[in-house]
Amino acid sequence: MQMEILRIQNLTKIYGSGDTEVRALNNVSFSVQKGEFVAIVGPSGSGKSTLLHILGGVDRPTDGKVFIEGNDIYALNENNLAVFRRRQIGLIYQFYNLIPVLNVEENITLPLLLDGRKVDRAYLQKLIDTLGIAERLTHLPNQLSGGQQQRVSIGRALVNNPAIVLADEPTGNLDSKNSAEIVELLKYFNRENRQTLIIITHDERIALQADRIIAIEDGRIARDEVIRQ
Amino acid sequence: MNIMYRVTLKSMLKNKRRTIVTIIGVIISVAMITAVSTFSASFSSLFRRQEIYENGDWIVSFRSIDHAKAQEVESDSLFDKAGYSYRDFFVQLSNPEETGYRYLELLSADRNTIELNAMKATQGRLPESPNEICLPEEVEAFSSYQPGDTITLSYGIRLQDGVRTPATESYMEGETFSEIESRTFTICGFWQGSGISRFFPVAVTGYSRETTPAEAQLNLTARTLQIQSDTYGQIYDVAFQYQIDSNTLQFHNALLNYSGVLSDRDLFVTFLMPTVIIGLIIMIGSVMLIYNAFAISVSERAKQLGMLASIGATRRQKRRSVLFEGVAIGIVAIPLGILFGILGIGITFWAISPWIMSIFQIDVPFQVEVVPAAIVMAVLFSAFTILISAWLPARRASKITPIEAIRQSQDVRLRAKNVKTSRFVRKLFGFEGELAMKNLKRNRKRYRATILALCVSVVLFLSTAAFNNYMVHAYSMARHEVAYDVAFYAYDGIDQTQELLHIPYAKEAEMNRNLSLGAALPREKASPAVQKVYTGSFEEIPLDIQVIALDGASQERYLEKAGLDPHLLDTKNNAVAINRYLYADGHDYSEYSTVDERQVSEINPYYSYYLYIDGEEKEEHYYTGQPLSIQAFTEERPLCVSEISDSPARLVLVVSEETFDGMMTAYTQQVQAALDAGEDEIDSLVYSTRSFCYRTDESSLLCSELEQYYGYTNNFEEANRQVQNMLNVINVFLYGFITLITMISVANIFNTVSTSIGLRTREFAMLRSVGMTKKAFNKMLRFESMFYGMKALLWGIPISIIICFLMYGSLSRNFDFCFYIPIVPFGIAVLAIFSIVGLTMLYSASKVKKANIISILTQENI
Chain A
14 MQMEILRIQN
24 LTKIYGSGDT
34 EVRALNNVSF
44 SVQKGEFVAI
54 VGPSGSGKST
64 LLHILGGVDR
74 PTDGKVFIEG
84 NDIYALNENN
94 LAVFRRRQIG
104 LIYQFYNLIP
114 VLNVEENITL
124 PLLLDGRKVD
134 RAYLQKLIDT
144 LGIAERLTHL
154 PNQLSGGQQQ
164 RVSIGRALVN
174 NPAIVLADEP
184 TGNLDSKNSA
194 EIVELLKYFN
204 RENRQTLIII
214 THDERIALQA
224 DRIIAIEDGR
234 IARDEVIRQ
Chain B
101 MNIMYRVTLK
111 SMLKNKRRTI
121 VTIIGVIISV
131 AMITAVSTFS
141 ASFSSLFRRQ
151 EIYENGDWIV
161 SFRSIDHAKA
171 QEVESDSLFD
181 KAGYSYRDFF
191 VQLSNPEETG
201 YRYLELLSAD
211 RNTIELNAMK
221 ATQGRLPESP
231 NEICLPEEVE
241 AFSSYQPGDT
251 ITLSYGIRLQ
261 DGVRTPATES
271 YMEGETFSEI
281 ESRTFTICGF
291 WQGSGISRFF
301 PVAVTGYSRE
311 TTPAEAQLNL
321 TARTLQIQSD
331 TYGQIYDVAF
341 QYQIDSNTLQ
351 FHNALLNYSG
361 VLSDRDLFVT
371 FLMPTVIIGL
381 IIMIGSVMLI
391 YNAFAISVSE
401 RAKQLGMLAS
411 IGATRRQKRR
421 SVLFEGVAIG
431 IVAIPLGILF
441 GILGIGITFW
451 AISPWIMSIF
461 QIDVPFQVEV
471 VPAAIVMAVL
481 FSAFTILISA
491 WLPARRASKI
501 TPIEAIRQSQ
511 DVRLRAKNVK
521 TSRFVRKLFG
531 FEGELAMKNL
541 KRNRKRYRAT
551 ILALCVSVVL
561 FLSTAAFNNY
571 MVHAYSMARH
581 EVAYDVAFYA
591 YDGIDQTQEL
601 LHIPYAKEAE
611 MNRNLSLGAA
621 LPREKASPAV
631 QKVYTGSFEE
641 IPLDIQVIAL
651 DGASQERYLE
661 KAGLDPHLLD
671 TKNNAVAINR
681 YLYADGHDYS
691 EYSTVDERQV
701 SEINPYYSYY
711 LYIDGEEKEE
721 HYYTGQPLSI
731 QAFTEERPLC
741 VSEISDSPAR
751 LVLVVSEETF
761 DGMMTAYTQQ
771 VQAALDAGED
781 EIDSLVYSTR
791 SFCYRTDESS
801 LLCSELEQYY
811 GYTNNFEEAN
821 RQVQNMLNVI
831 NVFLYGFITL
841 ITMISVANIF
851 NTVSTSIGLR
861 TREFAMLRSV
871 GMTKKAFNKM
881 LRFESMFYGM
891 KALLWGIPIS
901 IIICFLMYGS
911 LSRNFDFCFY
921 IPIVPFGIAV
931 LAIFSIVGLT
941 MLYSASKVKK
951 ANIISILTQE
961 NI
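Going line by line, the protein sequences match chains A and B. Quick note on the working numbering: the first sequence kicks off at 14 and runs consecutively. Quick note on the working numbering: the second sequence kicks off at 101 and runs consecutively.
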């Protein structure tokens with residue numbers, strides 16, 4: 014059963030003004046259904062990162078709207094947006110961005126800790142086992158390899174069962190073996206839990222593993238192809 | 101400039117805030133060091149100039165020296181001025197009962213001696229020849245003379261059993277005067293004498309070789325060309341050279357000490373110790389600031405230094421780049437610091453000089469003396485401080501490898517157990533609190549350095565504030581004691597009462613006569629407070645009774661002030677009782693009342709004394725008289741009666757002079773009767789006192805008026821004023837010092853905290869991206885500052901309390917109150933600590949908050 018989980022309407026982002034004006038995004042519109050695996054590709058400077066960040070609620074659009082599960086997220090005030098982000102959006106970055114003083118378990122459960130909510134231990138355990146980091150729960154980030162740190166990042170993004178997971182070049186900092194493993198993990202969650210996943214990548218091999226590819230060029234959608242049902 | 105230095109300079113300019121804060125910190129510390137050394141130099145100079153003004157610039161005096169030897173010594177190149185004199189001749193005065201003196205001492209001194217001793221005339225001038233005489237002011241008998249008059253005096257020597265008595269011995273029974281000759285002098289002036297020890301007033305006459313009697317013991321007073329550190333040694337050498345017994349040497353120690361030549365070790369310690377201690381404290385504060393600043397700079401520049409290492413910078417080059425930062429800061433901060441130090445001390449001196457001149461009775465101007473040696477010392481001291489502060493960070497910088505720089509070394513070294521927090525933290529403070537706690541623990545060294553800085557500031561502030569508090573409290577308690585400015589204690593026998601009551605310069609005058617008596621009060625008639633003090637088997641409480649009689653006019657004023665009938669005391673044996681006192685109870689005074697006013701209407705005081713037999717206290721005798729009828733109780737007290745009592749069971753009874761005299765007569769008669777009955781061991785006098793209390797605006801003029809009366813004067817106003825002046829001076833310096841040290845500490849804390857926040861920009865951005873609200877973020881920062889503050893106070897407050905206790909211990913000889921902890925300064929310290937840390941955090945965090953999350957998160961190089 015299809016359900017629209019994300020809808021973007023006339024999204025525009027302009028940096029600077031007058032002579033130095035840059036239109037990172039120019040009237041972009043599309044929607045994503047629940048459970049879709051979307052890859053966003055494009056050359057550097059095309060606006061794909063800007064798009065992702067606006068989707069993630071960390072950067073405001075100049076014009077246009079973003080609806081997640083029917084909520085106009087930019088109609089929320091800053092506080093509510095932060096809470097929304099915490100519960101409904103999972104963000105994964107190229108540079109893992111873990112908190113150095115928290116151990117693996119704490120880093121994964123960070124969104125829950127911020128919410129003051131109790132952890133569902135069964136779910137957490139399953140998540141950790143799937144990620145393959147069960148023996149490292151009490152370690153600090155500086156004791157993990159790059160691949161392990163990215164897994165922790167993924168764990169953090171998924172721990173709240175968010176509506177959508179957004180990943181910005183998640184394998185950019187990893188070797189090919191780790192990259193492949195990471196992509197497999199993401200695909201796993203997408204298939205098993207119907208986790209909606211949007212990845213930005215410049216790696217064609219990764220893009221081809223998605224269900225749908227959106228190509229962005231000069232702030233506009235150049236191509237929007239479903240390659241797999 | 102080579103590339104390393106250029107890079108260093110650029111990074112300093114880029115981090116303007118930290119560079120400026122560090123420079124300010126160094127300026128303050130250099131200023132303080134300069135101030136301290138300038139202060140010492142100026143004060144020494146002040147005392148030296150005052151000493152020269154009062155006692156002249158002589159350095160050494162050779163006593164009882166042979167004339168030929170004296171001439172040899174005089175011509176020695178060590179001395180540039182010398183004078184001759186002799187003493188031990190006297191003028192016998194004709195009517196000692198009238199003049200008050202038996203002799204005048206006759207001092208013969210040449211011009212040089214007079215100048216070297218800074219002898220000053222009050223009228224006319226000092227003598228230039230042996231025919232002239234300058235008479236002492238204090239001998240009334242000479243007051244009819246004027247400069248220019250002639251006077252014939254007989255002078256000679258004093259003999260005791262045929263042995264000549266020198267001027268340094270007072271009159272002894274049995275001594276005789278042997279006249280040498282009678283000489284007519286021309287009076288050239290009058291003087292008040294100076295620091296020469298004397299038992300008799302000194303008259304000065306001129307000196308000449310020809311008129312010097314054979315018996316005269318010559319003194320040579322000399323001044324050295326320069327005062328140097330080995331002046332004592334040089335003079336001893338001269339004495340040895342001319343075979344002069346070194347025991348006959350007398351040195352002008354005060355002048356030599358103030359000139360920096362110290363005669364013994366103790367003095368050295370006394371002078372130098374406070375300066376050294378203060379210097380050390382300043383140095384510690386500065387080192388902490390500068391060290392931290394450099395450590396931060398190195399860690400911020402770690403990446404840069406690593407990169408430089410990777411392209412081939414040697415260890416030495418890396419080390420030098422940090423030291424260069426020290427030099428750059430030094431070049432800017434040290435000259436400015438010296439300038440501000442001198443300016444600061446100059447302004448301070450200008451402000452406090454009236455107080456200083458009053459306290460130390462200074463006649464010479466109080467000015468700032470910039471001693472080049474002191475400035476050079478300040479520069480060296482500061483440069484040294486910067487050097488040792490920068491040394492360790494420089495060493496660390498030299499060891500940075502390229503790899504470490506890329507990996508951002510301090511996080512690599514983080515261990516799980518370092519940031520372990522107990523479960524309670526999360527329960528009590530929430531997740532934000534736990535995160536805050538972990539953030540504090542991650543960099544142990546920096547955490548400890550910050551806590552240390554905070555702690556030291558707290559302790560310094562509280563020690564100074566407590567010291568000040570104790571002084572002020574002691575002073576205000578002492579001030580309580582008297583309501584009058586000047587007191588004059590006369591003997592009850594002599595009656596110059598009317599003159600004394602109408603003495604010029606007195607705004608208000610009161611005479612009071614006082615008898616100290618006792619009385620026994622049945623326990624239940626005493627006030628509850630007094631009953632509590634006299635717990636135990638006291639069935640009757642021994643009261644401490646003061647019976648006071650005032651002069652007529654004062655009594656009338658007093659009764660009117662108390663709202664009582666002006667004729668209340670006309671009836672014999674009527675009394676007005678004062679039943680309210682302040683008694684030192686604990687660390688402050690409390691109000692006491694002695695008797696229960698409803699039950700007591702009559703007091704029968706007795707006069708008691710102890711009978712001594714064979715020098716041992718044997719029996720107590722009591723003499724009673726008529727009971728006194730208490731007509732009224734009042735809290736008003738006469739001028740002379742103090743608010744303070746040193747016993748809790750005191751009662752003051754005001755009676756008329758008639759009643760007072762009646763009581764004196766009654767007691768005296770009984771004592772006489774006892775004497776007549778053969779008790780010859782007892783004292784025949786009943787002791788009472790008569791004193792005069794004055795309120796005045798011109799206390800010193802009033803006191804000079806009082807000099808002509810026979811009695812003892814006490815100038816409370818002057819004494820209080822000196823104490824207040826002293827307190828003012830102490831306050832200025834204490835608070836000035838404390839403020840500056842605090843500023844250095846604040847600079848340090850500011851640097852440390854804002855940097856540690858700055859380094860975590862990326863984490864903060866990530867937390868916000870994950871969904872931490874602004875409120876939660878602020879909460880986390882608040883907790884961090886709270887934890888810093890709490891830890892600092894956890895150490896700082898107990899240490900301060902201990903110091904308060906130690907301080908109280910050493911000052912307690914002069915204090916009459918019990919130990920207490922001054923609450924207000926402690927409260928201020930607590931508030932200040934949380935404010936400083938909190939504000940610093942807020943300021944730093946606001947910068948972080950403004951930054952764009954994404955740009956931070958996608959940047960590799962934060």
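To be clear, the hints were calculated from the coordinates, so they are not data collected in a lab. Do not rely on the hints blindly, as some may be mistaken.
With a Cα cut of at most 27 Å, we get these calculated DSS-like pairs of lysine-lysine [said to hold, decoys possible]:
{"#": "1", "chain 1": "B", "residue 1": "K874", "chain 2": "A", "residue 2": "K78"}
{"#": "2", "chain 1": "A", "residue 1": "K131", "chain 2": "B", "residue 2": "K874"}
{"#": "3", "chain 1": "B", "residue 1": "K891", "chain 2": "B", "residue 2": "K517"}
Hint check results:
| no. | hint | in the structure |
| --- | --- | --- |
| 1 | B:K874 - A:K78 | holds (23 Å) |
| 2 | A:K131 - B:K874 | holds (22 Å) |
| 3 | B:K891 - B:K517 | holds (20 Å) |
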